[in-house]
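**Student:** Residues per chain are reported as follows:
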Amino acid sequence: MERLKFIGKRLLYMIVMLFGVATMVFILTKLIPGDPVVANLGQRAMSNPEVVAAYRAKYGLDKPLLAQYFIYIGNLFHLDLGTSIRTNNEVLFELKRCFPATIELALMSIILATIFGILFGIISAIRRNSALDQGVRVISVTGVSIPSFWFALLALYFLYYKLQIFPGPGRLSNIYAAPETVTGLYVIDSLIEGNGAKALDALSHLILPSVVLAAFTMGLITRTTRSNILDVMSTDYIRTAKAKGLSESKLISRHALGNALIPVLTVIGMGLGNLLGGMVLVETIFNWPGVGQFAYASVTAADFPSIIGVALLIALNYMVINTIVDILYGIIDPRVRCS
Amino acid sequence: MKKKLAALVMSFTVVLSLAACGGGPDASPEDGGSGSADGGSKTVVIAMEGEGLETFDPGYVYEKYSHVVMNACYENLFKFYSNDGAAEPCLADTYEFSDDGLTLTVTLKDGIKFASGNPMTSADVAFSINRCKNLKGNPSFIADTIDSVETPDDKTVVFHLTEPDSAILSKLTYNAVAILDSKVAKENGATDAEDAAETDTARNYLDNASAGSGMYVLTKYTPNEEIVLEKNENYWGENASNVDKYIIQLQGDANTQMMTLSSGDVDVALNLTDDTVSELESNDSVAVINDPTKTVAFVMMNMDENIGGPVSEPKVQQAIRKALDYKGVQEIVGSGTITPYALIQDGFMGSKGTRDVSYTDVEEAKKILADAGYPDGFDIDLIITDLAFEGTPLTDLGQKVKDDLALIGINCNIVTQAWAAGYGDAYRDGTLGLTVMYWSVDYADPNVQLEFLPGGLVGLRAGWEADMDPEIAAMAKSCMEATEDEARTAILEEIQDATYEYGPFAMIAQAPAHIGYNTRLTGVAVSDPYTLDVTMINIAE
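For the record, the sequence lines run as chains A and B. Here the first sequence stands for residues 1 to 339, numbered as in the numbering used here. Here the second sequence stands for residues 340 to 880, numbered as in the numbering used here.
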């Protein structure tokens with residue numbers, strides 16, 4: 001019951017926060033210099049006042065700013081995010097189109113980052129200051145500091161182009177048609193379609209970009225796991241357990257890991273939120289039609305409705321993830337109560 | 340615990356390894372699938388930049404990469420069958436200008452059918468032209484000189500022009516005036532009424548399907564991912580291409596395009612760069628084209644003294660023209676770059692070719708500058724924007740101009756301004772004193788360059804009013820009216836002579852296109868009007 005109340009309260013906050021974000025982004029997009037007419041009309045069209053007037057009227061840019069704001073906020077109540085100035089499609093339609101690609105990539109990346117991050121963190125903590133520990137620390141520092149676009153190019157160059165171990169860019173090989181959209185996640189939709197080979201192909205296309213994206217979060221998770229396990233291992237209750245004769249593996253799995261994982265959960269949550277915002281350069285290099293590419297194209301075209309739509313989506317991602325992380329805190333550690 | 344974790348990681352790794360090794364290359368194409376780039380299929384895969392691909396509605400289409408799709412799915416009254424040639428009849432059978440040049444009468448070929456099976460009539464032509472005009476979209480300017488369209492019968496179209504327009508045939512090749520199946524278009528919300536800008540609702544339909552008479556039909560468009568074109572089974576004419584299907588993968592990165600082309604995953608890479616081209620040299624199955632396009636970069640010096648200051652003076656402009664290192668600019672832009680002789684690009688009808696790079700003479704430039712009253716040079720702002728000239732950032736060209744001018748004592752202070760955040764407005768309003776900019780041709784005709792003359796669209800941006808140089812301004816009018824090629828060529832040559840060492844523009848480079856393609860293809864070539872004319876590509880048998 002307490003948890004339900006907590007979720008209800010969070011949902012209410014979320015709605016208020018989203019309107020706050022919408023207002024902030026609306027004001028910011030109007031404050032920064034940038035005219036959709038200049039960004040979207042060609043040099044000749046721009047010189048024809050009649051064409052410019054028709055363009056402004058079509059997207060409501062001829063109305064006073066306050067009127068534009070109230071129309072936008074009014075439409076938000078009906079889940080109408082407006083029409084993209086760049087593509088002429090509903091912004092909600094555009095987000096629905098590109099978000100599944102980002103979700104699929106982000107989920108795969110966070111799974112890889114979590115599994116290998118925690119594993120490396122544990123190994124590193126258990127074998128503290130050994131060669132193995134040093135090796136893991138080198139990997140985690142490299143993961144955190146390597147620029148993702150460069151890593152993406154290297155990965156593609158060696159593992160696809162030179163060694164031909166992984167498939168090239170894109171979500172599927174040319175021989176396959178995109179599966180019928182159910183979830184928008186190609187692996188799952190291919191399985192629903194009953195086409196295992198296509199699902200495997202989609203999964204294989206996910207590996208390289210998700211490894212590239214996972215590198216940063218994995219580095220963070222490794223470092224956080226290692227330092228937290230080391231902290232917990234030096235506490236009195238662990239010493240007591242050790243004195244009672246518990247083996248190291250039992251100590252870690254039964255007593256240390258639970259407590260050490262709470263801060264790791266925050267890192268995972270932040271990492272997932274970050275990934276769900278889309279990664280422009282990695283998406284471009286891997287030809288991945290996700291939110292990052294959409295956001296970049298919207299910014300360069302001064303496509304305000306789309307920019308606000310992406311900002312709302314990112315804000316919503318973080319809010320939902322934070323709520324889930326808070327709930328998970330209570331599950332992992334019963335001392336933490338939802339309040 | 341350790342064992343469980345290790346088992347989990349191991350099983351995950353095994354699944355990923357299986358996935359990495361399985362799938363793609365060995366599988367056979369499934370229904371609706373795209374087919375591989377090699378292996379003798381009649382499918383061709385093209386890698387192309389996706390930026391600017393916002394619409395495939397002829398009434399709105401404007402950006403260069405959309406033309407690849409438009410030219411495949413739609414046809415016009417006239418077409419460019421070679422890049423440097425003249426517009427030739429396509430849907431048109433015959434055409435005739437009136438003596439005063441104000442009327443163009445076109446007769447349509449017999450038996451033209453749209454992909455829907457509907458026959459094409461003159462009413463479809465009138466609908467398409469009027470819709471383009473009345474949508475007031477990006478490309479509506481193309482019909483500016485068309486006053487009205489008359490259709491006396493099903494086969495005849497009469498264009499009444501507002502003024503004689505020697506470029507009208509070239510304009511009628513433009514994708515924005517491609518002929519739409521008016522029946523299908525109307526069923527999906529299209530209108531050619533005067534209020535079409537407010538009432539036409541066909542764009543969303545036409546962004547995802549085609550309604551033309553071209554060799555191919557648009558069957559799928561996934562933004563930022565791919566476009567699929569399939570052969571039009573109802574095509575009325577003779578198929579010049581044996582390709583059944585095109586998959587256009589939207590790949591924004593040149594390195595990615597190079598790798599996918601080299602690996603055989605794609606057949607044509609449209610946006611290679613100098614660096615990536617050199618990586619392909621050792622690959623025998625790949626050929627590379629580095630041919631110039633008609634896109635030009637230029638230094639603009641404002642003629643208005645209040646805006647341009649010292650660069651408004653013709654002698655200073657000439658000193659700058661002499662000081663610029665054209666060879667160095669060519670090296671920055673990459674192999675295949677040339678410098679046009681003057682305002683008209685090499686390759687256009689009437690062009691006087693290229694400017695020799697030995698034109699650069701720093702010592703003479705210094706003398707001219709001293710004659711102009713600036714023996715010690717001067718300081719000036721050089722405004723640069725965040726755009727790229729066929730892949731070369733304008734900031735790189737700005738830096739080169741700054742270095743070149745420093746040699747004659749002109750010290751440029753580079754000021755960068757985003758296109759959409761100030762520069763675009765200032766450029767349009769003609770308030771930039773000294774800048775480096777580029778110009779892509781809207782339609783493939785030398786008359787597009789008349790805009791650089793006094794009183795023209797770009798001329799005015801450089802503060803070059805018609806009354807400042809009435810003789811040169813008059814050349815633009817004569818050129819517009821010269822519907823005979825010989826007369827027009829003579830005037831175009833006069834224009835180039837007049838602007839070779841005079842005027843607010845120094846044309847510094849004509850950019851190349853770097854295209855790589857699999858040698859199993861023939862007919863791959865640079866195309867200014869269509870970027871890549873896929874209707875001319877064939878797979879070698």
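In short, the hints are calculated from the structure, not lab data. Only a predicted model underlies this, so the values are computations on that prediction, with no experimental measurement involved. Please note: incorrect hints may appear among the correct ones.
[As the list claims (entries may be wrong)] No more than 27 Å apart at the CA atoms, straight line, and that leaves these computed lysine-lysine pairs for DSSO-like: (1) LYS559(B) with LYS96(A); (2) LYS58(A) with LYS525(B); (3) LYS570(B) with LYS559(B); (4) LYS654(B) with LYS403(B); (5) LYS570(B) with LYS58(A).
**Student:** Each hint should be assessed against the structure and marked as holding or not.
**Tutor:** Checked hints:
A C-alpha spacing of about 18 Å is found between LYS559(B) and LYS96(A), which places the hinted pair at or below 27 Å, so the restraint holds. With a CA separation close to 20 Å, the supplied pair LYS58(A) and LYS525(B) stays within the 27 Å bound. Our distance criterion of 27 Å between C-alpha atoms is met by LYS570(B) and LYS559(B), whose separation comes to about 13 Å. With a CA separation close to 37 Å, the supplied pair LYS654(B) and LYS403(B) exceeds the 27 Å bound.
Pair hint LYS570(B) plus LYS58(A) does not hold up; C-alpha atoms about 35 Å apart against a cutoff of 27 Å.
Violated hints, listed in ascending order, are 4, 5; each of the other numbered hints is respected by the structure.
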